[in-house]
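Chains as they are written, first to last, in my numbering: chain A, 1 to 172; chain B, 1 to 172.
Simulated from the structure, these hints should not be mistaken for laboratory data.
No copy is singled out in the list; a pair is fine if it fits within one copy or between any two copies.
In silico DSSO-like pairs for lysine-lysine, Cα to Cα no more than 30 Å straight-line:
no., residue 1, residue 2
1, Lys95, Lys146
2, Lys65, Lys167
3, Lys95, Lys148
4, Lys165, Lys52
5, Lys165, Lys102
6, Lys168, Lys99
7, Lys165, Lys74
8, Lys102, Lys76
9, Lys59, Lys95
10, Lys146, Lys165
11, Lys157, Lys92
12, Lys146, Lys157
13, Lys165, Lys111
14, Lys67, Lys49
15, Lys101, Lys165
16, Lys57, Lys167
17, Lys49, Lys111
18, Lys167, Lys95
19, Lys168, Lys111
20, Lys100, Lys155
There are 2 protein chains.
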Amino acid sequence: MITILRLGHRLGRDDRISTHCGLVARALGADAIIYSGDHDGSMIEGLKKTSKRWGGKFKISYEAKWKKILDSHKKKGFCIVHATMYGLPLQKRIKEIRKKKKILFVIGGEKVPGELYSLVNYNIAVTNQPHSEVAALAIFMHEYFKGKELDNRFKGKINIVPQEKGKKVIER
Amino acid sequence: MITILRLGHRLGRDDRISTHCGLVARALGADAIIYSGDHDGSMIEGLKKTSKRWGGKFKISYEAKWKKILDSHKKKGFCIVHATMYGLPLQKRIKEIRKKKKILFVIGGEKVPGELYSLVNYNIAVTNQPHSEVAALAIFMHEYFKGKELDNRFKGKINIVPQEKGKKVIER
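Isolated chain A (complex conformation) (with noise of 0.2 Å):
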């Protein structure tokens, strides 16, 4: 089980970063995401509608106080793994991480309070280089399930059927 915290969200500057987040998220095998941050309605309805029209049972939420997340998945007994630069590699922590089946995955914001760092289980850097949260949160979920998230089916309203040439949706 892999629920997801996105910090900092800014109204109309990361839309579609915060956006990406959600799909990414979904479509890699997490089960939820939780925005924290600017309370923003339009991107939130706009992932459930992507998600109800797409399939599966990923759940978008939105909680202003961050900390209060963190707290209640620690009681109910997630690991707290925080993407940040300044972390640990990923290739070495990656073993020790999947063994725990409950992950609450925390990726930043612009600028991520500095208490974080000592209240989480693992800082986790993917590459100690400055890139994506998006990227970050997409190659931890390709590790923690080692590729396998790549098979994953969804039954949505709208499924694609892979082509080697062009484009073929079924609609139903």
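Keeping the supplied structure of chain A fixed, place chain B upon it in accordance with the hints.
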């Protein structure tokens, strides 16, 4: 050698997603990114600055005519791989693609020209679900390099020393 071609950049709207594509490409071991669509001087300048500061030889450029890029890379013996959710599963083609030493990896914008599908060597899908070109790029690089790209080192003016908690940055 991997070059990324980012299609259909739109000023303003694609700012951050396109920036993330460039940063991910660099961090995960691509040699270059070429942007097409709107010309966005400030985005490109921003990326060049980041790249210079953090090290490495990553190249960033712009070309209005995407077909020209395809043609010139074909002539130089590049294999053209297009990431699309309509394509064949990455996991079924990656072994074949890994044998190619020169790759042009094409990622869309919002609207990809239909003719592109027949002009490339591979249309590959990182899942057939909607998500993010940033994530598709990341997982492609990760699969192509079999995870070894996470160990890449850059000699920059700024370097991070991985920490279990907190941040350690060395500037020179």
